[in-house]
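Undergrad: The lines below spell out each chain.
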Amino acid sequence: MNFQHVRAMARKEWWHLLRDPRSLALMLLMPTMLLFLFGYAIRLDISDAPIAVLDESHSAASRTLQARFDASHAFTLRHGYASRRELREALQRGEVWGALVIPPDYARRLQQGQARVQLLLDGVDANTARLVQNYALLVLDNLARETGQSPALALQDRVYYNETRESRLAIVPGVIALVMAVIGALMTSLTIAREMELGNLVMLRTTPLTHGEFLIGKLAPYFVLGMVDLAVATGAAIWVFDVPLRGSLVGLVGISAVFLLVVMLQGALISILAGNQLLASQVALVQTFLPAFLLSGFVFAIENMPVVLQYVTYLVPARFYVSLSKAIFLKGLAPWMLWSVTGPLLLMLAVLAALTWRRARRLGLLP
Amino acid sequence: MAEAARESGQAPVITATDLFRRFGDFVAVDHIHVTVAPGEVFGLLGANGAGKTTTIRMLCGLLPPSGGAIELAGVDMVRHPRRARARLGYVTQHFALYGELSVRENLEMQAGLYGLPPGRARERIGWALAHLSLSRLAGEKARSLPLGYRRRLDLAAALLHEPRILFLDEPTSGVDPLARQQFWELIYELAEAGIAILVTTHYMDEATYCDRLALMHAGRIIAEGSPDDLLARPLPTPLLEVRGEGCAACSRWLAGWPEVLEIIPHAGYLRLRLQPGTDPAALAARLREEAVRRGQRVDAAEPVPPDLEDVFVTLLEEDSAS
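Chains as they are written, first to last, in our numbering: chain A, 2 to 368; chain B, 4 to 325.
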């Protein structure tokens, strides 16, 4: 391994990177864009959901119930509806996400311990409907418990690690994985294929450059940029999105470096196998970005997937990284405390490194 | 074969013995021998598919031979490719440097790939820029250079590590005549400095610039020697040149004459290849009479000595016939 050869290769790649406005924009804007997109746009909780109220009871008890809904941050009550038909129309127009009906006999039946209220929901957005329903149940349960009525359902209103139950706390660490998967795999998938496509490889073959020097020199600049992206994303997570970093920063950086290498090697391998840029980038997208997005447990919980798909997730490096970065951020753990997650990532690194190294031999450079 | 080496009193720096390469059933290079001495310009000629590029790729270590031995500056190319590569420079048929990088950056990268120490690299890049008249363009992107200058950049990149051997694979194809002339002047200078140069080409005028030529056909070298040697070979088919306003019209009836093997039209004149054994002077007289009879103007019709192309065409015909 001649360091000078590696340096010549890396420097050239760096010049290429800085000159190509598209790749530079992708590397610098992508992380910020993804963070803000997912940090703000994906809503897995509700706040100030507009709920229409039809109070047919007109009692002290029904006013207490309304006050409870009002006091919850999840809901904003809308009054002034005279009938159920008006409620339905309001739902239809999308003015409100749900409607609460307090029947005339509410106060009387409450004393008998069998009060009922009705919640009308807009099922068009099933996810939001479920959220509204759950939040409403929670309000009712709390009220029932406090007034001494034994509730039929006892929900434990305590969520660990994400006390405010804000989904962005869980999402932002996941976005970091996504960012790294994009930078790592998409960018590196283009780089070797480009040399093959444009014929530069023919020239390199006549130089004393070895395939190992070639690989390391090519990947080094992307590793540096990937780590810069990690810093940007982590900084944004902590200072813009107020995600607490409870675990070790060193651990986070270390495991992120391992993950970055894994996706970069994936990209490099795809690049060598594909041999042209278009195919390579498409395969890389399907192979790394989409699994990182869909199968990593970043947005969709792995436990809720079909069993077969759950097994598939074990092949997705992002799956391990997402759970690890969440654990480091939110639970304050360190990578070495979670060998069941760190181990597979290290194994993937070793396997991919060996595969890429072997494949790179076929590039026709010196061994 | 080794005359040139003996004349210069130096051992050859390129020695390929019994070189052989097959692709499946197809034999691309069929047991050829090549030697090139320091300071010699050796030309490899042939049509596309004759095996020139396969040969040069094997000599550069880009393609492992199916059989035979290659020695470059005393190093076995097949067994020690790394050491051999440090001794050779290669200019590929197509531009293979980085179009997005500037001329200077490309050279800096090459210097790094060949492991030149920083001071030496600066010195060599300075030399290459000045020597190949690229100084003015050092900051330009390689992609934006005219083709002739891109070939110079290729050459500069191949020369940074001071190779003793230079391989040029059709270095001037597509380059305009003036730039080609200048490129060849550079090649001569390098040869004078003692570099052994192996060049492939399909331009006949370029072939005459070489010290020694080998003509390839169907994977074999069918003739080899200096351009003068090759021109001195007795040609079985005499040649006749016909000039005059009416010569285009003549070609119509000449095609029917059994003695005329081939009519090669040029601007303003015709070149006739005659059947072996024909007396060119007698045929010229008959031709002039016939032209007068038909009222077509012919100023001259006389036997001419062959040029390299004639020699090669004949050699290829002989080879195909045997």
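Keep in mind the hints are simulated off the structure, nothing from the lab.
Mixed in with the good hints there might be a few duds.
Stated by the list, open to error - Calculated pairs, EDC-like style, for lysine to aspartate or glutamate (alpha carbon to alpha carbon, straight line, at most 20 Å):
no.: 1; chain 1: B; residue 1: Lys-144; chain 2: A; residue 2: Glu-87
no.: 2; chain 1: B; residue 1: Lys-144; chain 2: A; residue 2: Asp-21
no.: 3; chain 1: B; residue 1: Lys-144; chain 2: B; residue 2: Glu-103
no.: 4; chain 1: B; residue 1: Lys-144; chain 2: A; residue 2: Glu-14
no.: 5; chain 1: A; residue 1: Lys-332; chain 2: A; residue 2: Asp-243
What the hints assert, rightly or not - Over the 10 Å line for every Cβ pair with chain A, so calculated as not near, a few chain B residues:
no.: 6; residue: Arg-88
no.: 7; residue: Leu-91
no.: 8; residue: Gln-113
no.: 9; residue: Ala-114
The C-beta atom is built at its ideal place from N, Cα and C for all residues, glycine as well.
Undergrad: Starting from Lys-144/B, check that the Cα of Asp-21/A is at most 20 Å away, please.
TA: Between Lys-144/B and Asp-21/A the Cα gap is close to 13 Å, so the pair holds against 20 Å.
Undergrad: Checking one constraint from the list: CA of Lys-144/B to CA of Glu-14/A, max 20 Å. Satisfied?
TA: Given pair Lys-144/B, Glu-14/A holds - Cα atoms ~15 Å apart, limit 20 Å.
Undergrad: Straight-line Cα separation of Lys-144/B and Glu-87/A no greater than 20 Å?
TA: This hinted pair is violated, its Cα atoms lying about 71 Å apart.
Undergrad: Please settle this one: Gln-113/B was flagged as non-interface, so is its CB more than 10 Å from every CB on chain A?
TA: Violated: least Cβ distance 7 Å, not greater than 10 Å.
Undergrad: Test the statement that Ala-114/B is away from the interface with chain A: the closest C-beta pair must be farther apart than 10 Å.
TA: With a cut-off of 10 Å, Ala-114/B comes too close to chain A, as the shortest Cβ separation is near 7 Å.
Undergrad: Against the 20 Å threshold, does the CA-CA distance of Lys-332/A and Asp-243/A hold or violate the hint?
TA: 15 Å, holds
Undergrad: Holds or violated: is the Cβ of Arg-88/B farther than 10 Å from all Cβ atoms of chain A?
TA: Check fails; 5 Å does not lie beyond 10 Å.
Undergrad: Lys-144/B and Glu-103/B: Cα distance at most 20 Å?
TA: Answer holds: Lys-144/B to Glu-103/B is near 6 Å, not above 20 Å.
Undergrad: Check the non-interface label on Leu-91/B: least C-beta distance to chain A beyond 10 Å or not.
TA: Contrary to the label, Leu-91/B does not stay out of reach of chain A, its closest Cβ about 7 Å off (not over 10 Å).
In terms of the numbered hints stated before, the structure departs from hints 1, 6, 7, 8 and 9, listed from lowest to highest.
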